[in-house]
Amino acid sequence: MTTIALNLAAAAKATVFEPETFALDNGLEVVVVSNHRAPVVAHWLWYKVGSADSPWGQSGIAHFLEHLMFKGTESLAAGEFSKIVARNGGNDNAMTGQDFTAYFQVIARDRLELVMGMEADRMANLKLDTEHVASERDVVLEERRLRVDNEPSAIFQEQLNASQFLHHPYRFPVIGWFSEMEAYSREKALDFYKQWYAPNNAILVVAGDITADELRPIAERTYGKVASKTVPERSRVAEPPQSVERRMELASSRVQQPTLVRSYLAPSFNSDDGGHAYALEVLSELFGSGSTSRLYVSLVIEQSLAAGAGSAYRGTSLDQSVFRLYASPRPDVDMDALEAALDAEIETLLRDGVKQDELDRVKGRMVAEAIYARDSLSGAARAFGAALTTGLTIEDVESWPSRIAAVTVEEVMAAARLVIDDKRAVTGRLIPGDA
Amino acid sequence: MLNWMNNDIGGKDILRGSGRNILAGTMLMSAAVLAETSQAAVVQEIVSETGVRAYLVEDANLPMLSLSLSFRGGSATDPEGKAGLAYMVSGLIDEGAGSYDSRAFQAELEDNAIRLSFDSGQDSFKGELKTLTETRDHAFDLMRAALIEPRFDTEPVERVRNQIITEIRRRENDPDFIASRTWFASAFPDHPYGRPTRGTESSISAIELRDLRNFVSTRFARDNLSIGVSGDISATELMVLLDRTFGDLPPESKAPEIVDTTPVLGETIITRLPIPQSVVRFGHKGIARDDPDYYAAYVANYLLGGGGFSSRLMQEIREKRGLAYGASSYLHDTEHAPLWFGGVATRNDAVAQSIEILKAEAAKMAAGEISEEDLANAKTYLTGSFPLRLTSNDQVARVLLDMQVEKLGIDYLDKRNGIIEALSLDDIKRSSARLFDEPPLISIVGAPEGLGG
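Residue numbers (our numbering), protein chains in the order written: chain A, 1 to 435; chain B, 1001 to 1453.
Excised from the complex, chain A in its bound form:
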C-alpha cells in the first residue's frame, strides 16, 4: 500500500516533539515542547524516584509522600496548593509509578510562574503536621480499597506481579501493602522526601504556549533558588534469573468472567543490552494489539474461543519489564482449551516466524500514529517524563519512529525467542469460585 511505504520512508528522518532543552545550575533538567494552539501550558515536574525506591517494610511510601506534598509548606497552608491553582483557572494532580513521581498543573500561560513558584517551594520546604498525615493515611487506605481490595481482578494483578518478581522491588504494589500502609508515619515520609526530592533529581517538562527562551528566566527565578543536594544512586537489588515456570489461580465468588494471563520477564529500554526493546514493542503490536493482531484473529475470530485476547509491553522501565499475553474466554469455553490455543499461537510464532509484509504493516501504523502523540500537551510531557526517569534520553524519544522503522524480522524473532520461554513465565488464571 502506498500509504505505508510513504510513512516508513519518511520515518527514517522523522522526529516527534522537537523539544528545546536546557539545565539550571542546580542540576534541574528542563524540556520545552512548544505548541501555540491555545494560551495554555502543561507544567510537569518529574522526580526520579518511585515505588521501587521505597525502603524495606515501607511499600507505597513514595505514593503516600505524593499525597502529602499537597499538605503545606513553610509558607502555604495544607490544601492551599490545589485551591490556588483552581482559583487561577488551572487543574492539578500528581501520579506515582514504579520509577517516578510526577506533579502537574495545566493552566493559562500567564499563571505559569505562580505554579512554578509553588512547585519549587514544595520541592524544598514541605511542612507536615501529624494530624494531616493521619487523615491522609486514611485517604490512601481508601484509595487502596477502591483500586485493589474491592476488585478481584486488581488483587489478581497484584498477586501476579508479586509472583513475577521474586526479589526486585517491582514485586511491591505502587500503592503499598495494606499492613505497611497502616504503619506510615510523618517521620518516614519526611525521611523519604529529604533523601530524594532535589532539583538535581528532577526533570521539568513544560508543553504549550511557551518557548525555552521565555521559560528560562522564570525557571531561574523559581526552581533556580532551590539548592542541589546529594541524592542516592537508584540501585535496586537485581532480579535473579527465573529457572522454573510459575502458576497461580485465584478463584473468587465475585468473578463471573474468567481471565487468563501469561507474563514473561522482559528487558526494558534501559535494562536491555541486547537491543531487544524496540523489537519487543513491534512484537507486542503485531502479536497482540488490535483486532488484526495474531492473537485476536486466531483466538477470537477464527477459533471463537475468546471474547478478547492481546498483549502488553512497556519499554519505559528503569529495570526489567514484563511482556504479557492475556485472553478472556467466551461463555462456556474451558480455560484449558483457551490456554492450549494460546500456547499453539506462541508455538506457531516461534516455529514459523513473522512475515515481512506483516511486520511492515505494523511498523507503518506505529510510526504514523506518532503524529497523534503531538496533538496533546500532556502527551508530550508524559512521553518525556516516562523516558527521562527511566534512563532514556531526549534523543531516544525523538528517534523512536526511525528506530521502530528499522526493526527487522530477525530482530523481532530474536526478541521473541529471548522472552517467550516457560522458565521466564508466570501464568495466572482468575476464575469463578467459592472463596
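Rather than coming from a laboratory, the hints here were simulated on the basis of the structure.
Ideal Cβ positions, reconstructed from N, Cα and C, are used throughout, including at glycine.
Honestly, I wouldn't trust all of these hints.
Unchecked claim - Sample of chain A residues at the chain B side, in silico, Cβ under 7 Å: (1) 38; (2) 106; (3) 124; (4) 138; (5) 374; (6) 434.
Fit chain B to the supplied structure of chain A, relying on the hints for placement.
Showing chain B alone in chain A's frame:
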C-alpha cells in the same frame, strides 16, 4: 470493534500513553473567535449541498484531523426487550461494511492509522474519526461505509454478541456498575432511562439481524446528525467530504420520540456485597441545559461537588476526615430527565457518616450558605479553565459537536465566559435552592454498617 476489548491490561510504549461542485453549497463563516487564544480558534459553520451541517476549526499545525459526530436518538430508543441494540450496533458497523468484510475493514483502519469508533449513550449514537491528512479521503470513505453499508456478517455479529455478554457478566460484580444500574432502575421504573444501555444477557441474545438493519435505516439520517471537525482541512475540502460521506443518508430519522420524565426518589437502596469498601451513588432531578438557571446551577454544583479538591464534599469527606479517596457530583445533562448525580466510595463503617455529610452540605447549599468569595473563586476557575478544554483536535471536535447538540450557538466559545462572569450571588442562591430542594435517591453497594436493609 468494541473499545473495551483493547488492552485490558495496562502497558504502552513511550509514545502513547488514531466531488461535487463546491460552489453549489453554502458556506457560512461566523465571526466567532475565542478571544484569548493566541492562534484564534475561528469556528466556521459548513452547510454542504445536501444539507449536511458541521462546525469546523481549521488548524494546520499537524497533518491530521479529528471528527466527532452524533445522531440524536440512542439507547433509550432501543425496542422493548432489545435493550443494548444501539450499543451492539456501535460495536458492529466497523466490523464489515461495503466491499470489506470484518477483517478487511479493521485492517484498512489499522494499517492506515485511522481511528474510527462508535458508541451509544441514552440520547445519541456517537462516532469519532481521527486520521492523518494523507489518508483523509480513505478515512471518510470507511466511515461512510460503516454508516451506510454495514454488512452484519454472521461471524462478527455472533462474536460481538458474545463479547457484550462476557462484558455484562464481568460487570455483574463491579460495585460501581451495580450501584449506578440500581439507581437508574429505581429512579426510572417505567422509562427507558431505567434500562441498562448495554442490555442484559437475555436482551442481547434476543437481538436479530433485522433489528440491527432496522436500527441503521431508521436512526442514521441527515436531520438528526451533528458534526464537529478540528484539524488540517479547509472549509471547501470538508464540504466535499460531507456530501460524499453523509449525502446518501436518508433525509429524516425515524427514531421514536422519548417522553420527558422525572426520577422517582425517596429511598435508600442497599445491595449487599462482601467487599471492604461501599460504593455510594446518589442523585435527584437536575436543571436542563437550556434552562435560564443552568449556568448558575452549574456553579452551585461546582461549589458542592464539581470542583475537585476545592469542592465542599472533598473538603469535608476527604480532606478533613479521610473518609474517602474521592467524592464528587455533576449535572447529568440527559435530554429527557436532567439529573444531578454523584458518588463516593468509603469504608463500610464510615458510609453513614459520609451520607450525613453529603446531606448536610447539600442542605447548606439549599439554604443559601454561599459567600461572595465562593462565587469569585468558582468564577476564576470556571472561566480560566475553559481554554484548557481546547488544547487538542480531539477536544475541539468534541466541544464543536456539543455546541450543536446542545444548541449553544456558533459564538459559544466567545460568549461562554461572559455568561459565567455575569452571574450574581442571588442567581447562585436561587438556582441552588431549586437544585437541592429534595433528598437524593441513594444506592449503596457493599457491607455498610449502621444502615438498615
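task = Go through the numbered hints given earlier and state which of them the structure violates, listing their numbers in rising order.
result = As far as the earlier hints go, 3 and 6 are violated by this structure, in ascending order.
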